[in-house]
Amino acid sequence: MTEAPVVAEVAAASQAPVEAAPVEVPWRHRHLLDLDVLTWPDIERVLVTADAMTEVLARPIAKVPALRGISVTILFYEASTRTRVSFEVAAKNLSADVVNIAAASSSVTKGESLVDTVRTIEALGARMLVMRHDRSGAPYLAAEVFGGSVLNGGDGWHAHPTQGLLDLYTMRAHLPGGSVAGRKVVILGDILHSRVARSNVWSLTAAGADLWLCGPSTLLRGFEAWAARGAAAGRRFQVTSDVDAALRDADVVMALRIQRERMTGGLLPSLREYAARYGLTRERLALARPEAIVMHPGPMNEGVEIAPDVATDPRSVITDQVTNGVAIRMALLYLLAGTLPGRHEPGGAAGR
Amino acid sequence: MTATRPPVALAGGLERGAVVAELDIGGAWLVDPASGRSGPGDVVVRDGIVTAVAWLEGEEAAGIDDRGVIVAPGFIDIHAHLREPGDEDSETVASGLAAAAHGGYTTVCTMANTDPALDEPAVLARIRDAATASGSPVALLAHGAVSAGRAGEQLAALGELADAGVVGFSDDGAPVRPALLRNALAYAGTLGLPILEHAEDPTLTTGAEANEGYVATVLGLRGWPVAGEAAAVSAAIAVLADVVADVPTARLHVTHVSTGAAIERIRAARAAGLPVSCDVTPHHLAMTDEWVAGARRWAWEAVDGDGDRDPWADRALVAPPFDPACRVNPPLRRPTDAAACRAALRDGLAIAIATDHAPHHEVKKAVEFGLAATGIDGLETALGVTLAMVDAGELTLARAIEALTVGPASFLGLRLGRRVGLLEGEPADLVVFDRRASWRVDGDSLASRSRNTPLLGRELPGVVLATIAGGRLAYAAPDEG
Amino acid sequence: MTGRRIMTADEIRRAVVRVSHEIVEKHAGTDGLVLVGIQRRGVPLARRLAAAIREHEGAAIPVGALDITFYRDDLSLVAQQPVVKGTDIPFPIDGRTIVLVDDVLYTGRTIRAAMDALVDFGRPEAIRLAVLVDRGHRELPIRADHVGKNVPTSREEIVRVSVEEIDGEDAVTIERVEASVAEPVA
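Residue numbers (this note's numbering), protein chains in the order written: chain R, 1 to 352; chain Y, 1001 to 1481; chain V, 2001 to 2186.
The hints are simulated quantities; they were obtained by calculation from the structure and are not laboratory data. Just so we're clear, the structure is a prediction, and the values are computed from it rather than from any experiment. Among these hints, one or two may not hold up.
Result set (EDC-like, lysine to aspartate or glutamate): computed pairs, CA atoms no more than 20 Å apart in a straight line [as the list claims (entries may be wrong)]:
1) K1364/Y x D116/R
2) K2149/V x D2170/V
3) K1364/Y x E144/R
4) K2149/V x E2175/V
5) K63/R x D97/R
6) K63/R x D2120/V
7) K1364/Y x D1442/Y
8) K63/R x D2073/V
9) K2026/V x E2057/V
10) K2149/V x E2164/V
11) K2149/V x E2022/V
12) K2026/V x E2125/V
13) K2149/V x E2169/V
14) K1364/Y x E1088/Y
15) K63/R x D2094/V
16) K2149/V x E2011/V
17) K1364/Y x E112/R
18) K92/R x D51/R
19) K92/R x D2120/V
20) K2149/V x D2010/V
21) K110/R x D134/R
22) K92/R x D2073/V
23) K63/R x D2116/V
24) K110/R x E78/R
25) K63/R x D2088/V
26) K92/R x D2116/V
27) K63/R x D51/R
28) K1364/Y x D134/R
Construct the complete structure from the given sequences, taking the supplied hints into account.
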């Protein structure tokens, strides 16, 4: 089953006023693999649900039984503690049964194929699969063979949909008026290898932000062409290697980690040079608006893409991103679980 | 398949491989690129020989057009991978020849990247034995490897392979480094055989997954840049220019060329008088990197004036993205590159359509996109894709048939061992297909052992009714009596 | 769908006043009493009850709002169900007597979910239930302590409560619908 990405609706709806009103649009996505298939009403639905989850997280017992009896398997092929744990916490807060597999320690390293691993996990009772993989497109393969719902926790350079949504959620929580429409958002760093950047392009252009991608030209390869087409499709964004122009009057500055392990060499002279020319220092941050917020998906290389005193600056909302990540992931697990076949109460429609 | 008209009457109960005792084709559209003639006509075959080819005029010709049953010389593929020996799960010589016959092909040239590689006569003998054992009348020719073991270090036994009857040399699957290519062109030139070069600069394509461009950027796939092909073509042409000074009979053939940049370099080299030629694959003519994102529209539907259309903006994505069936080397390119391939085919720079039939067992494709084996299974879908181009006005029927028959024949020259055409007095070597009918590409209809084509599930125009090779029946559609 | 009005605005007002007296009478006072309205329409009803109690007892009773969406036992309704950021219980409930307030009592599953939710907030001394309309057809052993109006219904009918705070007017109507249409859920 395939989902055609939605562009026109998203572009048209991004001017819609944003309110925390109850959302009536049914959620129809069985999987969440990328943000390109979400309409603006879908995105709003996630954000409103995340608000409800935020309230749950503030309770003395931060738990609801919504996913009770549902087995969620978290399968991470890439090393990651924070995101893997964030998903586990989210699933447990919904009372799901959680199995957390760090693939390096499993039979995967003995050469078992992804398809076989997914089939085994399903045979063991998993109804939902949260997956992170180092190859772009891997979750689509999983979705072809898995009978339940697949939630992409990051695939190669391609997508990190929960990050894109939690970034949007965090921005709206801190920007005046609760909206990113018309606000200047700058993503600074290794754009080429970043699934966080790509997912943020989809979510922020849908939300009508004035998005800028900035980094050394070798790490922006191909994005100028995307930006040019985006303009034609109503999904406008800018690409530049001029860090001063990018930061000037920005409302949101997001720094991306220079991902050492993904660079196959020859793309940058050195990290020292990167830090000097593109690092987010206090001086550079001064080009942005005084009340601009600073974000980072983590983990940070302090002193490289972000100066230590900027990371701990009062304008930094990096820890909020972590908290919001749990709420967004709870929201998505909840919405996806609603599409699982067979979750019916005997006797039909729920009554009072 | 829609009901066929009376035109084709095949004396009944003929087994595959048997000599065609009696075949009468009355009132079909004949295409004979050898004489340059197309039109309504009759063909009569007796005991495997074409006894009559009659062109109809006036009243007899009324109502017969080029949209119904068509008779053409049997197709010739100068580039296919039959996988035997070494990967028989994906294809064998027998299944490959069956696939060829189903696709209308009467001659297939297999590539050397078998296991062991086709780098010495013993391997060639093994492959020929398999062809004989299959009982298929489809002619199997072979390219020898350029380097021993296809390792790219030393030359393979080029002379011995030439004596054993290979029709060319290629390390296809991999490029030949310029220094070795130089020697190979010279040596093969004196043997009168061409080098079919897979043009790729491996230093530019390390880890590449898909064409470097808009789609790869959005999907986060490692790019295979145009320069990877263009630079390799430039280097090969430069080497050729040096070699022809000593060996005027040297010949370079760039197989599966996929980019406008490479095509322009070949065009300039030809204009300068260098002995270089090229072929294009059906998938590079008709599919694009949009397909990796989930589009399934033909390449000519994805261009807009001189530019590529945007599949996201056009809502053209109808299949899941990252389908490993779309992973091929060289990769599916931008719509404008596919347009350049079609232009090269139209004006004759590309002398042939060559399938680069690359079957892969499901196990090799049901993996992450970047780990999937590269290649598209193409012998049986080549005609359908070509007819889709003709239907869309991208190619004339006459040029299409040329590119499938006399074009490849001219490349093979004398080594083909026969004349190509609808020729009275010669053994029948022809294909009969119904352009009004269509068929669905799926597991049931494909004769190949493998199913790795993004066309799976699609209806293609043109149903092959019969394929006759060397006077014997290679394939007959099930309804035939 | 046209409905038959079974409670007018005045009848609702009188019922609210009567129930507010009953609540205080049953509790023998107002100490330790809290009201928790179930989203959506239970919330304005809870506020009205609190206002009535303040008027005749002079005491301000805490009022909270409870969204039981995450406690429902039928996830397949998630797709149609609007999510409201609606749980707000800004006071401790340990040792208190909570009166849950809802507009319609039907199968009892909503109240079961509400009790599950409350137990996560603390340990009340007692939980009671006040509803505007009890329409019968219980599927769980749940009963209301205070009822505005008992309305016998059939399963093919829907009871709709409108409140001015949300719908612009006060009314209770009963409508006959096709069996396939789900009862509107708060």
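Results of checking the hints against the structure:
1. K1364/Y x D116/R: holds (13 Å)
2. K2149/V x D2170/V: Given that 20 Å is the threshold and the Cα spacing comes to 15 Å, the pair holds.
3. K1364/Y x E144/R: Holds, at roughly 16 Å.
4. K2149/V x E2175/V: Answer holds: K2149/V to E2175/V is near 17 Å, not above 20 Å.
5. K63/R x D97/R: holds (13 Å)
6. K63/R x D2120/V: Cα-Cα ~8 Å, so holds.
7. K1364/Y x D1442/Y: Judged against 20 Å, a Cα distance of about 18 Å means the pair holds.
8. K63/R x D2073/V: Distance of about 15 Å is within 20 Å: holds.
9. K2026/V x E2057/V: Satisfied, since the Cα-Cα distance of roughly 14 Å is no more than 20 Å.
10. K2149/V x E2164/V: holds (19 Å)
11. K2149/V x E2022/V: Holds, at about 14 Å.
12. K2026/V x E2125/V: Between K2026/V and E2125/V the Cα gap is close to 14 Å, so the pair holds against 20 Å.
13. K2149/V x E2169/V: holds (18 Å)
14. K1364/Y x E1088/Y: holds (13 Å)
15. K63/R x D2094/V: Given that 20 Å is the threshold and the Cα spacing comes to 18 Å, the pair holds.
16. K2149/V x E2011/V: holds (9 Å)
17. K1364/Y x E112/R: OK: K1364/Y and E112/R at ~13 Å, within 20 Å.
18. K92/R x D51/R: Roughly 18 Å separates the two Cα atoms, so the pair holds.
19. K92/R x D2120/V: Holds - the C-alpha atoms of D2120/V and K92/R are around 15 Å apart, at most 20 Å.
20. K2149/V x D2010/V: Holds, at roughly 13 Å.
21. K110/R x D134/R: Holds - the C-alpha atoms of D134/R and K110/R are around 17 Å apart, at most 20 Å.
22. K92/R x D2073/V: holds (17 Å)
23. K63/R x D2116/V: It holds: about 11 Å lies between the C-alpha atoms, which stays within 20 Å.
24. K110/R x E78/R: holds (16 Å)
25. K63/R x D2088/V: Measuring from Cα to Cα gives roughly 15 Å; hence the hint holds.
26. K92/R x D2116/V: It holds: about 17 Å lies between the C-alpha atoms, which stays within 20 Å.
27. K63/R x D51/R: Between K63/R and D51/R the Cα gap is close to 15 Å, so the pair holds against 20 Å.
28. K1364/Y x D134/R: At roughly 19 Å apart (the allowed maximum being 20 Å), D134/R and K1364/Y satisfy the hint.
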